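Chains as they are written, first to last, in numbering that gives the first Met the number 0: chain A, 0 to 897; chain B, 0 to 471.
Source of the hints: derived by calculation from the structure; they are not laboratory data. Computed from a predicted model, the values in this text were never measured in an experiment. Mixed in with the good hints there might be a few duds.
[To be verified] In silico contact screen, one side only, chain B against chain A (beta carbon under 10 Å); selected entries:
1) Gln97
2) Asp147
3) Pro195
4) Phe205
5) Ala213
6) Gln239
7) Leu246
8) Arg454
[Stated by the list, open to error] Computed list of chain A residues with no C-beta within reach of chain B, every gap over 10 Å:
9) Met64
10) Arg74
11) Glu102
12) Arg136
13) Leu193
14) Gly233
15) Gln380
16) Glu385
17) Glu446
18) Leu503
19) Leu714
20) Lys749
21) Pro779
22) Asp864
23) Thr886
Built from N, CA and C at the ideal position, the CB exists for glycine as well.
Below are the chains, spelled out letter by letter.
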Amino acid sequence: MQMVDNKWLPRLGGLLFLSALLSCFGKGDRISYSEDVKPLLNQKCLRCHGGIKVQGEFSLLFKDMALAENESGSRAIIPGNAAGSELIKRIKETDPELRMPKEGNALTETEITLLEDWINQGAEWDDHWSYVKPIIRTPEIDNDWIQHDIDRYILQVMQQNELDVSPRAEKHELLRRFSLDITGLPPSPELADLYLAGILSESEVMDRLLQSPHYGEHWSSMWLDLARYADTKGYEKDAPRSIWRYRDWVIDAYNQDMPFTQFTIDQLAGDLVENATADQMIATAFHRNTMTNTEGGTEDEEFRSAAGIDRVNTTFEVWQGMTMSCVQCHSHPYDPIKHEDFYGLYAIFNNTMDADLDSEFPFMLEVRDSLHANEIDELSQWLGAENSPVRDQVIDPGTLRSIISPRLIPALCDDFKNVLISKWGGCNNRSTLANNQKDKKYYLLYEDLALDELTGFRFRTKAHGDAAEIRVHKGSDDGQIICTAPIPESKKWRHDIFPVSETLDGRSTLVFEIVNTTGLQPDGLVDLYSIEPIYGHTPIAQETISQQDSLLKLYGDGIETPVMREKSKVLWRTSQVFDRGSYLAKTDTVFPSVPDLYHYEGEIKNRLDLAHMFIHENNPLTGRVYVNRVWNRLFGRGLVETLGDFGSQATPSEHRDLLDYLAVQFTGDWQWSTKRLVKEILSSATYQQSSDWDAIKIELDPQNLYYSRAPRTRLSAEQIRDQALAVSGLLTPELKGPSVMPPQPPGIWKMPYSSEKWENADDEQRYRRGLYTYWRRTTPYPSLIAFDSPTREVCVSKRINTNTPLQALVTLNDPVYLEAAQELGNWMKKQDGGTGEKIAAGYRRALFRDPTVEELQVLLRLFDDTMIAKPTPTETALDPFDLVGNTILNLDALLTKS
Amino acid sequence: MSLCNHTNSFYSRRDFLTRGSLGLGAAALGMLSNPAKLLANSGQLPAKAKRVIYLFQSGAPSQLDLFDYKPLLQKMHGEELPPSIRGETRLTGMSAGQSSFPLVGTPFQFAKHGQAGASVSELMPHTAKIVDQLCFVKSMYTEAINHDPAVTFLLSGSQFPGRPSMGAWLSYGLGSDNENLPAFVVLTTKDKTGQPLYSRSWGSGFLPSEHQGAQFRSGKNPVLYLENPPGVSPQSRRGQLDRLQQLQAHQHGTVGDPEILARMAQYEMAYRMQTSVPEVMDVSDEPDHVYEMYGEDSRKPGTFAANCLLARRLAEKGVRFIQLFHQGWDQHGNLPKAIKVQCKETDQASAALVKDLKQRGMLEDTLVIWGGEFGRTNYSQGRLTDDNFGRDHHPGCFTLWMAGGGTKPGITHGETDDFGYGIRSRGVHVHDFQATVLNLLGIDHEELTYKFQGRRFRLTDVHGHVVKDIMA
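So that you can see chain A by itself, here it is in the shape it has in the complex (with noise of 0.2 Å):
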């Protein structure tokens, strides 16, 4: 964990904010760079200087390349010398051939003379605010309003923008917005006696949402858009994938407010730490949550590269706030980030087990029951094991390798190259492209076996003609051949033993070769089950070998959850650059390496070291772009708008100094603590703010940009389904567990290739919160789709909320709700008093106020209604509590959060 410090050069921001302070004074003044020249040259100049285009060979995005000589031999910037850079010549040009920028307008004397200035001043580089790790600066203001530093800077942006703080929400209206914001569900009604009635503060209150296991499942809901969680495979018949076990994870990191250094370690490299636990293991799902291709005839290697496309795209917009995707073509077009930079960051990606089976090898696999775990006790008993091969509930592959010891098979190997592992433990030479196949190399790899008295092997094998061997090579692929098996013609599973060509001893990495020896398939394809080395003359009993295979059995038939693992070395990948981003066009070879914006001198090597530097405090981005999610999700809008893009492309905020204390504080004070961050923002008059309307506000902010009043924003896909199911009282509140099928409507499931289909739950299970409905990336659950809940295909930092009449008829029609509306409206039957008293109590339970007298009045007359209507002949019709129910369920205040 410890960073030496001089890992980061020094940088230049304290001239950025000097300058910046500077800028507003007018002509003559420090002109920054980034905050002065860039957003001009973003607009003007870049489309052809740029990342993307290099006009001239000359670009302005990059200082190396702008003050050099360029393809004309002159310079286009010479600093001090604004009269001489040919920069200023071709801007000023009257000639319309020569005159830049060559499209569009000319620059205007203001524009121009700034450019002079620049220049004149040295032309100095500074970094973007974002890349400059931030400093508090809070506003010296002070008033009785203010409960928190936040309120200091959001009042200063109120007062430089003439508006008024808002007043404070009623206390119905914060209860319900504590709730919501916190657990994601209107709070309990225990809770909200005790609040309304003045037995709890507010402080309390937030601490008891905190402390709630909801907690953690609001918050996930919001990581795992990130991490494009799913519960298939993505791509064509979009199979099914076991990995809710990582969503669990989220869960319980969040409601055990696991800091969010902890956090981002475990996900990006906890299967690199020392000594990682089960719970680390699983974490790293995070990037297997990338799209797996099983579709026939596809190449393996290029969706491996998609993936890996995509985990650096990944990880860099949800820690960085940075957009790479352009990157893995060209270099970026605004920010500087070169197109090597980013295969700099694909290397450290690139060399993980993983490689797009259909299998999704490899994977962690867990007990299903403590039967379970109990039948593989007996097993390694019998099998003469010392301990079991069950720890915490996770199946050990090293113990269950050393039960079965000296016997190898595939799934459990430490590392492999193009042989397809499935998960029943064999693997097979079958695969792709043959046009690549001659060149294609097929490996299985074990570390450190022992050679001493090794006569020989046995493989458990078929084949399908007589064109295939298996070549055993000592220390790595290339190493000397120990041993070479032509292995025969077989239908069926023979296991022939061939002899090792000399005496070895020691331990060694033995590395198994299939080599198809024509190339042509089906002829040279060979199914491997085992190895078995066989020491002295005698090989395994039958007997334990049957055994060995149950227990095998019962090892494939955990609760897979596929994982991170990183490669050996031996058959460590060369990374190389993808030109405009083609799998199929490989160039130069590149090492793990960070972009050269972050000044970052310490060791990149794998993904732990990213994990340290993304949390190092040096590192500028990670607080403020975490901070940001938070608020953004709390206000409908981040403090920087454009959550996943914090580069000289993202929209320009007024909050920036908020930002950075938020940022500072978060990664200091409070720990990285992500309920600390929740209840400190909080605490503050500016989000405690009535969220109500008036003209002069509207006129003034009607984005409620500057945050005058506190934001009205319609809830999200999960919270609108859970907070019918809770106010209606029919939500089953357990937690985790394999994700369920609530109901949905028939047809809408096509499985081609598979008997895999849509079962609506009916028991209690169907009432389980958004968050645990089974995701189907191709074919998501409707309602939530309706309210903007994204595909998880790929990562998504915000989510549009939209305002459709699909929504409108699912809250209104679709099965669920009218099922929510009944058992609400049966509640209310149950109520005492008159019919308004019961209605009153309905819509009590629903929003923790009465309703008004007006209201009342039209909820009842929407009863009267619909008491004289006449049933149609056919059907009887709704009751009208029910139909009261369902209007409730529909009212814009429970759709919105206010």
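Since chain A is already given, all that's left is putting chain B on it; use the hints.
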């Protein structure tokens, strides 16, 4: 309707709209509302087509057995594909390992039809009769060799998920011509198997979800949750909505948030859809001769033929982009039999749709597109026997046809080589095709952009050339 349901999100459609110098604010961008259609009229290019009906043939029909006649293949039937022709092209893993690549001449009869003399196989007798209305592009090519990437590429401009589909782009760029129906409607043929469909093919990608295609299903509930629950009559629903609107109005009076008005408008729209959608889906008022023209199948809801008829009705109502998906063209094996079934299901109705639009004077401004995601190989996948063979995926060339909407009728654009393996002239890349479709709708494909993750994305990525030669 839909006053300002995006007052809180200045997302960057505005960039596009203001660049089209329309000066529209961020307001008024509802799913069914239509300020942006102005773009087509006053925008950058003259629009020839107002709407598109895309008859997407999922799985990839064999161009060699339908449209791209290659006598050489018949002459060389059973002989090896010369390595010089195959070159270094990528093959899929399904046939790449074959020890032999025997050429297959089509077993079907081809004849020249119409004034233009377009060759069409005997499998498509109805299409053959309308060739003078069609514009064949025989030189389509793509980059992807497998279905999912290829469909995703053709319909979103990228092989990888995450981008908006073509229909979503048009909904975003042009809006709808009908306040009561979505701008983008998807119809899939019922009960087909084979290559799966992915909802991203009509998804909105990073665009707001209101632009995703609305799937209209056959049966009494064409749009999910359209029908009132049991026990709620239309009158009772109307009464309920009136009361609900009173409550929302009261709420608006208190808190002043214009989003409430927008929500009220959407509830009214939902109510109107409860009438307008069943109305357009109810084909019982179609006269018999129409059914006869589209074929017997058109009387069975959910068939391709019935969907073609619906497509015409939706087009009449001003739906901007209507996309049919018909699966089952993926003939890796057993091609001779299977392709007959596919043609029988699609030929008559596709031709009828073109004729019908023509008769109604709608073909001029309706662009009809017929085709799949790539082509099929000239060699047999698996064993070539006397009466059976299969064809693998072939990205190097394929045929699609277009009709109406400003395309030149009765022409064939582009040519493949004598082996039907590569393109001899005037190749049309997927991005070119997309640029051309947008152009026909009056959109400069380089201008229809959406800023996301710091970059302006467009359907054609950073490529695409409009194929002027096929424009009338």
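Results for each hint:
no.: 1; hint: Gln97; result: holds, 8 Å
no.: 2; hint: Asp147; result: holds, 4 Å
no.: 3; hint: Pro195; result: holds, 5 Å
no.: 4; hint: Phe205; result: holds, 8 Å
no.: 5; hint: Ala213; result: holds, 7 Å
no.: 6; hint: Gln239; result: holds, 6 Å
no.: 7; hint: Leu246; result: holds, 5 Å
no.: 8; hint: Arg454; result: holds, 5 Å
no.: 9; hint: Met64; result: holds, 21 Å
no.: 10; hint: Arg74; result: holds, 30 Å
no.: 11; hint: Glu102; result: holds, 13 Å
no.: 12; hint: Arg136; result: holds, 26 Å
no.: 13; hint: Leu193; result: holds, 27 Å
no.: 14; hint: Gly233; result: violated, 7 Å
no.: 15; hint: Gln380; result: holds, 44 Å
no.: 16; hint: Glu385; result: holds, 45 Å
no.: 17; hint: Glu446; result: holds, 30 Å
no.: 18; hint: Leu503; result: holds, 35 Å
no.: 19; hint: Leu714; result: holds, 12 Å
no.: 20; hint: Lys749; result: violated, 6 Å
no.: 21; hint: Pro779; result: violated, 7 Å
no.: 22; hint: Asp864; result: violated, 5 Å
no.: 23; hint: Thr886; result: violated, 5 Å
When each numbered hint is compared with the structure, violations occur for hints 14, 20, 21, 22, 23.
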